[in-house]
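Visitor: Here is how the chains run, residue by residue.
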Amino acid sequence: MTGRLRISVILAAAAALLSAPSAVMAQHDRTRTVDIEGVEIIGYRPLKDIGIQSTQMDSLVLQESISLSVADILTQNTPVFIKSYGRGTMATASMRGTAPSHTKVTWNGMTLNSPMLGMVDFSYIPSYLIDDAALYHGAGSVGIAGGGLGGAVTLANTPAATDGFALRYIQGIGSFSTYDEFLRIGYGSRRWQLSTRVLYSSSDNDFRYTNYHKIKQPVYDDEGNITGSRHVEDRNRSGDFADLHILQEAYFNTDSGHRIGLAAWYMSSRRGVPKISTDYRDDNLTRTRQDENTLRAVVSWQTIHGSLKVGARAGYTYTDMLYTYRYDLTGTGQEMIEGIHSQSYVNSLFAKAEAEYAIADKWLFTADVSVNQHFVRSADRSIIVQDGSSAVIGYDQARAEVSAYACVRYRPTQRVGIAASVRDDMYGSRFTPPIPALFVDVLLSKRGELLVKGSVTRNYRYPTLNDLYFMPGGNPELRPEQGISYDAGLSTHVRTARVDFSAAATWFDSYIDDWILWRATAKGFWTPLNIKRVHSYGVELRASIDVDLGRRWSLQANALYTLTHAVNHGDPVSVNDASIGKQLPYIPVRSGSATVRLNWRDWSLIYKWNHYSERFTTSSNDLRLSDPVMPYYMSDLSIERRIALRPIDISLRFDIHNLLDEEYETVLSHPMPRINFGFYIGITPKFGRGKNRRTE
Amino acid sequence: MKRLCVIALSVALATACMKMTGIDVEPIGSTSRGLFITCEGNFMYGNASLSYYDMETRKVENRVFRRANGADLGDVAQSMTIYDGRGYVVVNNSGIVFVIDPDTFVVTATIEGLTSPRYIHFVSPQKGYITDLYDPRIAIFDPRTNAVTGYIDTGSHPSTEQMVQWGDYVFTNCWSYDNKILVIDTRTDTVVDQIEVGIQPTSLVLDCNDKLWSITDGGYAASPYGHEAPSLYRIDPATRRVERRFTFAEGDSPSELAISGDGSRIYFINDDIWQMEVTAENLPARPLVANVGTIYYGLAVDPATGDVYVADAIDYQQPGVVYRYSAAGEAIDRFEVGIIPGAFCFKSL
Numbered sequence: 031m032t033g034r035l036r037i038s039v040i041l042a043a044a045a046a047l048l049s050a051p052s053a054v055m056a057q058h059d060r061t062r063t064v065d066i067e068g069v070e071i072i073g074y075r076p077l078k079d080i081g082i083q084s085t086q087m088d089s090l091v092l093q094e095s096i097s098l099s100v101a102d103i104l105t106q107n108t109p110v111f112i113k114s115y116g117r118g119t120m121a122t123a124s125m126r127g128t129a130p131s132h133t134k135v136t137w138n139g140m141t142l143n144s145p146m147l148g149m150v151d152f153s154y155i156p157s158y159l160i161d162d163a164a165l166y167h168g169a170g171s172v173g174i175a176g177g178g179l180g181g182a183v184t185l186a187n188t189p190a191a192t193d194g195f196a197l198r199y200i201q202g203i204g205s206f207s208t209y210d211e212f213l214r215i216g217y218g219s220r221r222w223q224l225s226t227r228v229l230y231s232s233s234d235n236d237f238r239y240t241n242y243h244k245i246k247q248p249v250y251d252d253e254g255n256i257t258g259s260r261h262v263e264d265r266n267r268s269g270d271f272a273d274l275h276i277l278q279e280a281y282f283n284t285d286s287g288h289r290i291g292l293a294a295w296y297m298s299s300r301r302g303v304p305k306i307s308t309d310y311r312d313d314n315l316t317r318t319r320q321d322e323n324t325l326r327a328v329v330s331w332q333t334i335h336g337s338l339k340v341g342a343r344a345g346y347t348y349t350d351m352l353y354t355y356r357y358d359l360t361g362t363g364q365e366m367i368e369g370i371h372s373q374s375y376v377n378s379l380f381a382k383a384e385a386e387y388a389i390a391d392k393w394l395f396t397a398d399v400s401v402n403q404h405f406v407r408s409a410d411r412s413i414i415v416q417d418g419s420s421a422v423i424g425y426d427q428a429r430a431e432v433s434a435y436a437c438v439r440y441r442p443t444q445r446v447g448i449a450a451s452v453r454d455d456m457y458g459s460r461f462t463p464p465i466p467a468l469f470v471d472v473l474l475s476k477r478g479e480l481l482v483k484g485s486v487t488r489n490y491r492y493p494t495l496n497d498l499y500f501m502p503g504g505n506p507e508l509r510p511e512q513g514i515s516y517d518a519g520l521s522t523h524v525r526t527a528r529v530d531f532s533a534a535a536t537w538f539d540s541y542i543d544d545w546i547l548w549r550a551t552a553k554g555f556w557t558p559l560n561i562k563r564v565h566s567y568g569v570e571l572r573a574s575i576d577v578d579l580g581r582r583w584s585l586q587a588n589a590l591y592t593l594t595h596a597v598n599h600g601d602p603v604s605v606n607d608a609s610i611g612k613q614l615p616y617i618p619v620r621s622g623s624a625t626v627r628l629n630w631r632d633w634s635l636i637y638k639w640n641h642y643s644e645r646f647t648t649s650s651n652d653l654r655l656s657d658p659v660m661p662y663y664m665s666d667l668s669i670e671r672r673i674a675l676r677p678i679d680i681s682l683r684f685d686i687h688n689l690l691d692e693e694y695e696t697v698l699s700h701p702m703p704r705i706n707f708g709f710y711i712g713i714t715p716k717f718g719r720g721k722n723r724r725t726e
Numbered sequence: 025m026k027r028l029c030v031i032a033l034s035v036a037l038a039t040a041c042m043k044m045t046g047i048d049v050e051p052i053g054s055t056s057r058g059l060f061i062t063c064e065g066n067f068m069y070g071n072a073s074l075s076y077y078d079m080e081t082r083k084v085e086n087r088v089f090r091r092a093n094g095a096d097l098g099d100v101a102q103s104m105t106i107y108d109g110r111g112y113v114v115v116n117n118s119g120i121v122f123v124i125d126p127d128t129f130v131v132t133a134t135i136e137g138l139t140s141p142r143y144i145h146f147v148s149p150q151k152g153y154i155t156d157l158y159d160p161r162i163a164i165f166d167p168r169t170n171a172v173t174g175y176i177d178t179g180s181h182p183s184t185e186q187m188v189q190w191g192d193y194v195f196t197n198c199w200s201y202d203n204k205i206l207v208i209d210t211r212t213d214t215v216v217d218q219i220e221v222g223i224q225p226t227s228l229v230l231d232c233n234d235k236l237w238s239i240t241d242g243g244y245a246a247s248p249y250g251h252e253a254p255s256l257y258r259i260d261p262a263t264r265r266v267e268r269r270f271t272f273a274e275g276d277s278p279s280e281l282a283i284s285g286d287g288s289r290i291y292f293i294n295d296d297i298w299q300m301e302v303t304a305e306n307l308p309a310r311p312l313v314a315n316v317g318t319i320y321y322g323l324a325v326d327p328a329t330g331d332v333y334v335a336d337a338i339d340y341q342q343p344g345v346v347y348r349y350s351a352a353g354e355a356i357d358r359f360e361v362g363i364i365p366g367a368f369c370f371k372s373l
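Protein chains in written order, with our numbering: chain A, 31 to 726; chain B, 25 to 373.
The shape of chain B in the complex, shown without the other chains (with noise of 0.2 Å):
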């Protein structure tokens, strides 16, 4: 009996084995012009990655950080944006923002000290701002140090979102129950306005002839803060008043909010894609890419080219896929991505 106890226990701590190593560097990168599709990864599991197209080649990399620097990405990656030669991930539950070459995927340096920063926007190659979903402040930042230098006080909007800029201002849609796009003087860095919309603003472009858009989801049934159907908004910038409204169906679901390279159209997602000339003055008919048989999460048309690039988050546990459509909506190429892919940013040469 003994002898079988001592086997026994001999079996158990030989195969008692769990070896947590780090993760390998790989010199991976690539200087030709391509795409970034960050991938928000589950909540709570810090599985967000990185993955770059190569539109020329239409090859993909994925968890392109992750073997870049031999460290995961971390917990939902919301946005990137590139400005100045430089990449920055904005992952919103880890608190950071990484700064990277867009060549190399290497991180240069990062931003820290955010509480659940959302989208990044550079008002001059001194000053940078970070929007936040709990934050009622919007981070100032200075980019030749990437140091938070200040804050913009939001008030009673917490939850602040994309950023676009005209002139001296910056525009921001406020999401989470709430209805405003606020208006920041860059100069003093303060809200000097704010422009009230539909329920839930979710996404912000501004068009060639200088005009703001905005996308509302309308809020949900039986929400505190109303219900109301979705619309879409063009607003004067200069003004800061509503110059049109075009109202969807209740039940309709538009979200993100994409813009030609030339200003001249804007894109979104209501069940299909979508695409309208800037001086429409009615929605369009037909969609441009039919929807395909799934929830689409991510969209976002190539300034260059004009090819329209769709995420499918799929079941959102599983790693999504990316179509390519052309300008005209054919169909050019399907690649597999990381977990819930949601957002892209674009590298020119």
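Just chain A, with the same shape it has in the complex (with noise of 0.2 Å):
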């Protein structure tokens, strides 16, 4: 297809959707609505789910505690590995061995991902502020973006159904002077939902760790006579972190079934970068940190018409960002001067457009038109020429990015759905290859809902702009990634009276082609390359059990075990490359987690349990050369109650981290924190028409 042909159809596919609403509206109908993604053909199968494998991260989950991010909840409840530096740190995700920039993220529909660098750093979204999180397994995110080669995450917010005026007001405490805020207050009618949550968490994020790295300190008697050595008793001392999100939400329904919405973000962010446990320097003399501001806004409208139902959002997101180093020359702490100075700017204004039609429970038709245009400067300030004067490295690029979409589902019998998809992206002047996808699902058997699932689709992913356009080093010429990516599962799901038991086996297997990878030059900088070529396959294991045990007493578990191979497969950089055929770095084989939720009349025990195996560190799997990250299994316990009164509920909850009192790295060189613990107190105020309601 030439470019100007796929222009035409990605504007007349526009055409169509934004035309959409108008029609609608004039053949409204006033008194009857159906929201389709309510329609379900069979049992708990939505059209719109067939042959997509996916995990629905439930609002128990995510409202769970003030202290957790988006990326605890992943690495608790999904087979997203996140690579963190420990918490108020970088926190990226890797989906089915690929890399952070595989996995899209949007926010109500919105792209979160880094127009600069592609990943999402999930340690900025509190689960507190999001109400609805669902994770899309490889094929399924084509449907959410192109470029997913991994899988993609949806972040939502919801109305919260407030009736008059609701408030919520949590205070936690921790270890390592940690201090967490939380505040809801929302208003809620027939037409309108109000919201506004703020959210403040701080930390000195200074804790006690042995330093097992560093050249041992020796062991004096009281005669001044060295008597032995020990390891050096460091404090993580340059980890600090204050971070503020408010978050507005307005919701507005009309009579004549309209919805429109607001969700706006604000977070501001200034964050130590702790330093490794190999650096020497005085941690009052040198000092690096990493300052953010992001405001993202988007609003949206929504309406059903019979079977049509069609929407419209527009957003804007502002990031800066600035990364410092600093030291000083004096030796007192006091007169910092910058060795770094890394600024980058972003906006980007999106508007999507998006439009579904079903008939007669068989058949249902999607599409949607989004289109992104970002403005980035990227500026490092801190080159000094020759002259004295200071230079700006970087780059000011701004680009257009469209995505169009389209998909048909049908169910012809009530045991089968197939699916059919195409995704177009544009990038600047450039397309990717058309994104097809195919999913299908067969119902084995009602008893039990014995459910297969099966999707396949070809997809690729374009170089960012820091790809592109980086100084130094970026290189233009870069072709989109590519990725084939096959998985079929098998679920069941049992109900009985007392029991609700769910189990799924997901197998996968995906090739994902030009690879872009940064790579030395001889000249000294890196530069990216399509260059890996990676196979990566496995098995994501899920089961969940939800028992009345009576009295009173309930048990809630769920345990997830995934094995990854992410396997090099592209052409030796060297007649000395030894990481053909292995495992890429950082990618654990086998990981799990299991959560056991013990419910006790308004007490509830929590336990979680979360494993890693060994990771390598080194493209060629060395062990000789350079260690391996440790296997790492992880316990934290937390106990809550809830107690009802009159005026007011309250929560009460006290978390254990780290229950074995590890001593433990999740990077090299990067310690974490051995046990530690978190208090939380909830007030929720009953007004009015709400006093005779529990909390939520």
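Simulated from the structure, these hints should not be mistaken for laboratory data.
Residues from chain A shown here face chain B by an in silico Cβ test under 10 Å; the list is partial:
#: 1; residue: Gly361
#: 2; residue: Ser650
#: 3; residue: Tyr694
30 Å max Cα-Cα, derived DSSO-like pairs, lysine-lysine:
#: 4; chain 1: A; residue 1: Lys246; chain 2: B; residue 2: Lys83
#: 5; chain 1: B; residue 1: Lys43; chain 2: A; residue 2: Lys612
#: 6; chain 1: A; residue 1: Lys113; chain 2: B; residue 2: Lys43
#: 7; chain 1: A; residue 1: Lys392; chain 2: A; residue 2: Lys476
All C-beta atoms in this analysis are idealised placements derived from N, C-alpha and C, irrespective of residue type, glycine included.
Taking the hints as your guide, dock the two standalone chains into a single complex.
Guide: Given below as structure tokens:
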């Protein structure tokens, strides 16, 4: 398909979608609305889910604690591997053995992936600001965005269904001078739902750890003689953080069935970058910090007319991020000068139109067109030229990204569903090849809801702005990465009066070619190249059970296990390259997690367990000349009590993190805290009609 | 159900054990003549290492610092120099210089209080200099106490690199977005002059005729500092003037200038390994060693035998390889070392 023809297709799709609302409004049926998303064809199998492997994270999980980020939620509840450096530091996702930029993330339909880096730092997203989250594995991501070679994560806010005024305040205090404050004020009526959420988290994050990497210190006796040596007791002094989030939402429903929503999210983050454990410099004389301000806002409109649902969204993102390295030349810590000053500004405009049309409970047609216009300025002004003045090293680029998607889903019989979709992405003046996807599911047995699913896609991810323009090294000649992925799975769901059990097993297999990797040049700087080929395959298993044990006891448990082989099959970069046929660094072959929640009356006891197998830190999987990251096991324990009083509801929660007081690292030379604690108290006043309701 | 929970919890707890322990110390060492290879490791992973190669037995020992000291070398091992029977290993992003016994590899002292150290040079038994990537000063230290005793202000040249001494003067090249070679009077510890060369001089040596040689990388396309063809410079340290400029083709990437033990030949990497007489009037036409299919990262010449050592960092994420060639360019040996082998240091008897 030529570029001009493809532009025409995209414009035609956009025009059709944008014109749909007016037609719908003109013919609107004022008395009857049907939410297509709620239509269930058979059992619990909406047409939208045909063949899609997804993991839904319910509000109980998302609203568990104000101290959790979406990174924590993904770690505990999905097969996603989160590479984290600890609380208040970067947390990136790897899904099915892919890179962080291969997981697409949206918030209220607007992309969160950085146009500069392509990835999302999940540590900046508190789970308490999210009402609905889902993970789409592999081909399932095509319905969300193009380029999700590993998958996609959707995050959304939803109206709180408040009747009258509502208020909730939670305060937390934890080890290492960690404080969390959360306030939500809401108002709801038949037409309006308003909500303001404020979350402020701060911490010195100054924990002690035994440093096994540094030279041991001598031990002296009373007479000053050296009698032995011991490991250094160090502190994580420079990892402090202070993050403020304000989320404002407003939703309005008209009598004629229109839904209008606004969500605006401001974040201000001030973070120290923790020193690694082999850094001998004085904490007071060198300092690395990362500060960020981000504003995101999305307005949405949606209406339903018979079997047609149409909607539109528009959004804006502003981000400024400053990374600095400062050092002191006086030895006092009072006169810090900058060695690195990297500043970036991102302004992005977003618009999307979407439509769904269902025919006779058997067909569902969906289409959407989205446009992102990014303006990025990246500047490193710490470089001093010979005459003593400063120069800016960086780039100033704008890029439009257009994505058009169409999908048809068909369920010819109650037992069989098939779906086919195609997406086309344009970035700047270039196109990716079309991204097709095919899905199928078959209900093998109504008894036990035994369902088999399968999907296949050929996906493309185009280069980020840093890949193309970073200075030095940006490579404008890069091609999009391409991947073929298949998955197939079996799931079951059994319900009895007291037990609700579900389980699923999924096999996945994907090949990614032209993987963009930054490589050193003979000049000394790094440049991205389309060089790697990766075969990633494995199994995802999950099971959950919900049991009513009687006498007001109940138990909820879920467990996940993931086997991921992500193997480099690229061409050797050197005659000495030993990385071919080896697992990618930092991707665990095995990972697992389990959560057990035991409830009795107003009490809950929650135990979480998480495991990653040993991770290689070299591309050749060498264990002689470089340490791996040791197998990781983590246990957390929480106890909750809810107290319902006439004027207010109170919730109390006590967390024990790292229950077994492990000394560990998740990334080489990055120490993590040993056993630590958090205590949270939540207060929910009952206003007016809400007085007789319990807390959510 | 309760029994099931207890079992599940017990299994989880029983398997939930991570043991971080100290690094075992091994009594290793070598009193024979050998070669240290500093392996940078990956930035911010703290996995730099020190390898030691025995030229006689052709046996390599890796991670010798770690094994001898029960501690990691740190983050980005930049260079190593042996002076007065002590080895000085400069670890850039750990902000430290380890002083080791070159025979046992055991740490005997440290030099701390540094910002981003790169190279070390000894003016006398009482005085040494340490250059820095960010600090616009060169640290002065006392090798007897290993204490920083002062600084040489380099003004608007924050990035100072290698150092060579001619008489009372030390010359240092300023690499990052710079084009100067600074002249330091060791009697006053001040910068007294500067020599302008091409964009980004990467390395510096002194030949048998008391001439300085420096090689530039020419910067990169679209750099606000400019971009030009890289060059090799011969400089008279007495007059502080460029005597001869040998210009490479644009797109070439010469680096890692090294010199033979007698100072009569210079060597450098430019895709292949090149050798050139210091009296030559033109760049050599044929390489000493043709590229074997990689990007070379480090180069050194044995001052005693003329053997040439070349480091291959491969993909910078796996243990590297060092090739050993004779002075005539014939392959002698190949051995594995740590991640990103970047610099060499010869230990003589």
